[in-house]
Every structure is written in C-alpha cells, then in structure tokens.
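Asker: Using the sequences and the hints, build the whole thing.
Number of protein chains: 2
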Amino acid sequence: MSHATTYNIAVVGATGAVGQKMLETLEDRNFPINELKLLSSSRSAGKKVMFKGTEYTVEEATPESFEKVDIALFSAGGSVSQKLAPEAVKRGALVIDNTSAYRMDENVPLVVPEVNEDDIKNHKGIIANPNCSTIQMVAALEPIKQHFGMNRIIVSTYQAVSGAGNEAAEELREQSQSFLNGGDLEASILPVKGDEKHYPIAFNALPQIDKFQENGYTFEEMKMINETKKIMHTPALHISATCVRLPLFTSHAESVYVEVEKNDVTVQQLKDLIGKAPGVVLEDDPATQVYPTPLSSAGKRDVFVGRIRKDLDHENGFHLWVVSDNLLKGAAWNSVQIAERVVANQWL
Amino acid sequence: MSHATTYNIAVVGATGAVGQKMLETLEDRNFPINELKLLSSSRSAGKKVMFKGTEYTVEEATPESFEKVDIALFSAGGSVSQKLAPEAVKRGALVIDNTSAYRMDENVPLVVPEVNEDDIKNHKGIIANPNCSTIQMVAALEPIKQHFGMNRIIVSTYQAVSGAGNEAAEELREQSQSFLNGGDLEASILPVKGDEKHYPIAFNALPQIDKFQENGYTFEEMKMINETKKIMHTPALHISATCVRLPLFTSHAESVYVEVEKNDVTVQQLKDLIGKAPGVVLEDDPATQVYPTPLSSAGKRDVFVGRIRKDLDHENGFHLWVVSDNLLKGAAWNSVQIAERVVANQWL
Chain A
1 MSHATTYNIA
11 VVGATGAVGQ
21 KMLETLEDRN
31 FPINELKLLS
41 SSRSAGKKVM
51 FKGTEYTVEE
61 ATPESFEKVD
71 IALFSAGGSV
81 SQKLAPEAVK
91 RGALVIDNTS
101 AYRMDENVPL
111 VVPEVNEDDI
121 KNHKGIIANP
131 NCSTIQMVAA
141 LEPIKQHFGM
151 NRIIVSTYQA
161 VSGAGNEAAE
171 ELREQSQSFL
181 NGGDLEASIL
191 PVKGDEKHYP
201 IAFNALPQID
211 KFQENGYTFE
221 EMKMINETKK
231 IMHTPALHIS
241 ATCVRLPLFT
251 SHAESVYVEV
261 EKNDVTVQQL
271 KDLIGKAPGV
281 VLEDDPATQV
291 YPTPLSSAGK
301 RDVFVGRIRK
311 DLDHENGFHL
321 WVVSDNLLKG
331 AAWNSVQIAE
341 RVVANQWL
Chain B
1 MSHATTYNIA
11 VVGATGAVGQ
21 KMLETLEDRN
31 FPINELKLLS
41 SSRSAGKKVM
51 FKGTEYTVEE
61 ATPESFEKVD
71 IALFSAGGSV
81 SQKLAPEAVK
91 RGALVIDNTS
101 AYRMDENVPL
111 VVPEVNEDDI
121 KNHKGIIANP
131 NCSTIQMVAA
141 LEPIKQHFGM
151 NRIIVSTYQA
161 VSGAGNEAAE
171 ELREQSQSFL
181 NGGDLEASIL
191 PVKGDEKHYP
201 IAFNALPQID
211 KFQENGYTFE
221 EMKMINETKK
231 IMHTPALHIS
241 ATCVRLPLFT
251 SHAESVYVEV
261 EKNDVTVQQL
271 KDLIGKAPGV
281 VLEDDPATQV
291 YPTPLSSAGK
301 RDVFVGRIRK
311 DLDHENGFHL
321 WVVSDNLLKG
331 AAWNSVQIAE
341 RVVANQWL
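So the sequence lines, in the order shown, correspond to chains A and B. UniProt numbering numbers the first residue of the first sequence as 1 and each following residue consecutively. UniProt numbering numbers the first residue of the second sequence as 1 and each following residue consecutively.
In short, the hints are calculated from the structure, not lab data. Just so you know, not all the hints are guaranteed correct.
Since the list can't tell identical chains apart, any single copy or any two copies may satisfy a pair.
Claimed, not checked - Below, in silico cross-link-like pairs of lysine-lysine (DSS-like), each with a Cα-Cα straight-line distance of 25 Å or less:
(1) Lys-83 to Lys-68
(2) Lys-229 to Lys-310
(3) Lys-211 to Lys-229
(4) Lys-83 to Lys-193
(5) Lys-197 to Lys-300
(6) Lys-211 to Lys-271
(7) Lys-197 to Lys-271
(8) Lys-211 to Lys-310
(9) Lys-68 to Lys-193
(10) Lys-193 to Lys-271
(11) Lys-145 to Lys-211
(12) Lys-90 to Lys-37
(13) Lys-124 to Lys-37
(14) Lys-37 to Lys-52
(15) Lys-145 to Lys-262
(16) Lys-52 to Lys-271
(17) Lys-68 to Lys-47
Answerer: Structure (structure tokens):
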C-alpha cells in the first residue's frame, strides 16, 4: 500500500451487474482508495466507466494486472476467478471473490461480516463472498441461532433476475414489453445461461436457478445448503432449499421456516433480537400491513425481516420473510464490507 | 329439471374473472344445460355475455332469480353468497359456492373431487369449492397421503393476481407498462381490495394475500391450513403456509414440503403415484429441465407436479413443486367438476 491508509484496489468484472454495484458501493462508502484498476474479460476491455467523477478505461485482466494491487474484488465468473485469483494472490493481493469458485474450499473463509467476521483472519490470500440468497438468510438468522440455537431451516426463495446478470434483466424487460403488446416471449438466457433449454421469465416463475445436480437439487439450492453450514459453523444443521427465479429486477425474498433449540421462545423475543441485530432491519407489523418487499428494499444495504410468526403446530418452529437487495448485501456490499473489515482490523 | 338429463343452471358473478371461466368451462365440457341464467350484482346487470354463440343479458341476482334453478354456481364474493345462497337452496337449487362463506361450515361439504368426492353426498343444499391454493395442493398430495400417510406440510406459495379478480390483473398490466416506461407505480387494489394500504405488484412480491388475522397469519394462509384438514379428513395434520402474491397473471405455484408416515419411501414411488393420479400430471425430469411453470400450465385443467426430491436430512421428508391454473382447477373447473359429479351420481 502506498500510504498508511489508502489501498490499491482492482475490480474484476467492472462492467457486470455486480461490478457496477461494487463501484457504486466503494464510492458511497468513501473507501480509502489510492489507485483503482478496473478489469474485465477481453470482451468488455476498452469500455469507459465513471468513478467519483473520473473516467476509467476498463482493461483486460491478466496475471500482471495485479502487480501492486492490495485488494482485488472479483466478480467475473467462476472460471476467471479460478484462473486469475491465484495469480493475484501470488503478486501480494488479497482477493475477495464473489463467485462460487472457492466458497467450499476449506482453506478459504466464506464470510458474512455480521455472522463470522473473525473467519477473515484465517485467510491465505482469498476470502469468498457467499451466494446472494445465502447471505441475507444467515444475516437474519444468526442472532436467533446465537440466542436460542437452531437445528432446522426450510427455505423457499423468490429471486430477482439481476442475480443472473445484466443480460437476464434485459431479457425480463424485453419479454415483459412483448407480452404487454400481445407478442411472443423469446427466451435465450434464463433460467440458466448455457443450459440446454430456456423458458420465459416474464409473468412466470422458474423453479430452476443454476444447473441441476445429480441429487435433483439445483446448484443454487446446494449453495444455500452447504454455504449456510460453513458460514454459521453448523455442519449438523438440517437445511433444505427450493430456489425459484421470478420476474423481479432487484432484491431476493425468502420464506424461511426455522426450528430453534430452546423451548418457550416467543415471537416478541425474535422481533427484539432481529430489531437490534447488525445489518438487519425489522419491518413487521401485520396490524398496519408493514412487511418488506423486493421494491421497498431495492437500493438499500440492509437485510429486512417481517412476517415473524410461530408455527401453529410446532412450539419451536417460526416463519420469517427475509428480503434484501441481491446486488448489494447479496454481492457488492458484502464484498466491500469484507474489505472494510480487513482494513479496519489490519487483516490484509 | 325439465328433462331427465339437462339442468337449469345459474352462474352468479357471471362477469367476474372466475365467472367468465365457469362459462368457458361449462361450454368446453358441454355440460347438459337446459336453461342458463347469468346473474350478478346490480353494478354489472345489463352486461351482455356470449355462451355457445348466443348472447345472454346478465340480470341482477335476487332471491326470485333462483326459481326453477337446479344448480347455482356462486362466485360473486362472500357477502353475496351469504345473502343469496340460502335463498337459492330454499327454492330447490343446489348451490356450489366458490367463496369462503361456507367452507368451514360443518354442514357444508368442502370438495375437491379427486380427494373427497363422496363428501358431496352429505350436502344440505350447499357444496363449497375450496380456496384456489388449497385445491391444487390437496389434489397433488392426496395419493401420497393415501399410500404413505402424511403428518406434516409446510407450503410457500407463488400466486397470480387473477386470484384477486380482473381489477387486480388490470393493475398488474398498468403498473408493468408504467414501470417499463420509467413511470410511477400506482397501487389501489393489491394486496387486498378494501384493506388500508396498497403496494405495487409489478416486479414485486407481496407477502400478504387477504387480510391479516389476530395470530399474524393472513386469511389466505389460514384458509390453506384449515381447508386442507377438512378436505383430507386429517384434523391432526401439522400444516403451515406462507402465501405470497406475485406479478403473474395466471396460475399459482407452490413449494411444498411434506413428511410421510411410512419409512423407506422413494422419490420414484412418489413419481409413480403422482403420474397415475387423477387430474394430476407429472412433469419432472431435472436432466432435461422438465418442470411445470405458471405459463406452461395456464389454460389447462390439470394440476402439474415436478421437482420431486427427498429432503437431504429427513428420511421421510419430500419437496414438490405444484402448479395449476388458479381460475380453472383452482376455481371454475373444480366447481363445474363438482356439478358433473353431482349429476353423474344423481346427488342433486
């Protein structure tokens, strides 16, 4: 680092949906940047991007791009991270990787600062940013787990298209307009770019996010299951997920069922905990129709929780509705937040 | 009835979203009609409606409207049913009521023909048609319950706006167009017409369908919980629901978790059962991305099931994705189907 308190930052995938939000977040948070390097695949190299009133030219990411970089924020797909993150580390950079490439690597901390900030200390050059739908759920559930224990989660998700990138958002926009005009719905991106079949997302619901695995679950569902156990340090947690892509541009919502270990826990106790949890906002008053929605949470960094209620049959069971901007807390903000914790604690 | 095999039919709420589908379904099924009477509130009286190439004028429903009617299909709101269904019964009509007015009345059978057709026999003039989201779930789960027992259901729904009527569908259409044009989203119907607050549904998800109850659940959620127990004859069933309104025009989807009583049940056994169940179609092949969606099921009378898989932690737990046209099996078709069973069995 060039001075005591500023850092050379690289953003890999600077023109993507998450990369754009990373730049906005670095700017909003006034992150102490010395030099900023915007990197991408050769396809997007040469594009111009504004940051704090200055125009930057995006360069093609190569191993040499990471010379003198202190922190590299990766969000350009798993294959780019697999190829270039080790090169960045070799050159002394700390990598905060937003892809799934290293998340389950036992040598790589998988971090949601509100949950397991201390895991950052164990990094060996790479810190992984969890999957968007995982992050908001564990941020909401961690205070409950800490106070009352937790042995079971069943989650069904309501996920926005921006999680599949700018092309997917454009597909939703074009299909929606075509549908309203009485036209056909042409699908070439969703549910999964590169998978065999594509289905319309406009005014539809697709129960597939990422590719199917051998066990009949999608990779997105297995990410939620495996990442939650790793982040919360609960390998024995019973957890299952059903992940659904919906015609929303921004913010994922989740219908979450949890069973706590302690008996006689009340809804009010959960509301009190959620209300004072870091990074989490309680929006829960059925009497006045107060609950979070994707539109009400878009553009905000917090995780919003409402509809907290007890299961009618299971004394230790509770239902929650968890909503957050998938590009912010689900991706860009959580990555920048990790970088903030790294520099605040001198864990570089 | 005028001749041995045709019936005088009244449709109450003939201009509504469900009423229109009732007429289409009576026509598609070539229901044996002698005289058809189209009724509505005074607001819609005088409107012209086509049926089998003939124009009918909608009349205001009054107690006298039901003279000589054999079967009256009600779908004009709970207050209309409460006022006029007893008048229809008094005049000798059998009422099939699509509102929530009589569903939990112990003297009124609540019927999904694939599940509890025989309950029709106990009617005292009124048969209730269950809530849309309940119908498709119990149709899919009944064969599983019969063969393997069932002691627990946790469901999260993905529900279309047409369940809230034509005005709600129009609101989604107008908001969607406004959003795509960069305009504001004005909400005056959803989530619940007549409730205090209204929120935009376009590109959003609203975790409220019908009004909130004292216990923090919505009435829609309580309908799913209570109606399922009544239809399946399982008062001790553990069941909870989270109901969410989405920017879909037609068809509800449901992420359903069930626990069966029998041990060692396999996914293949469930697929075999679902595949041969009446009124239910298996669409389930992850390897070729086959699963039902709202758009693929719209306009069809069946219930479609996919994504059947075992819970990874609970030996007796399974997850399913259940989709059906909320205006057909969820309302109009189930009502007409009850009428068909009534006349086939001479249970009038």
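Asker: Run through the hints listed earlier and report the numbers of any the structure violates, in increasing order.
Answerer: 9, 10, 11, 16
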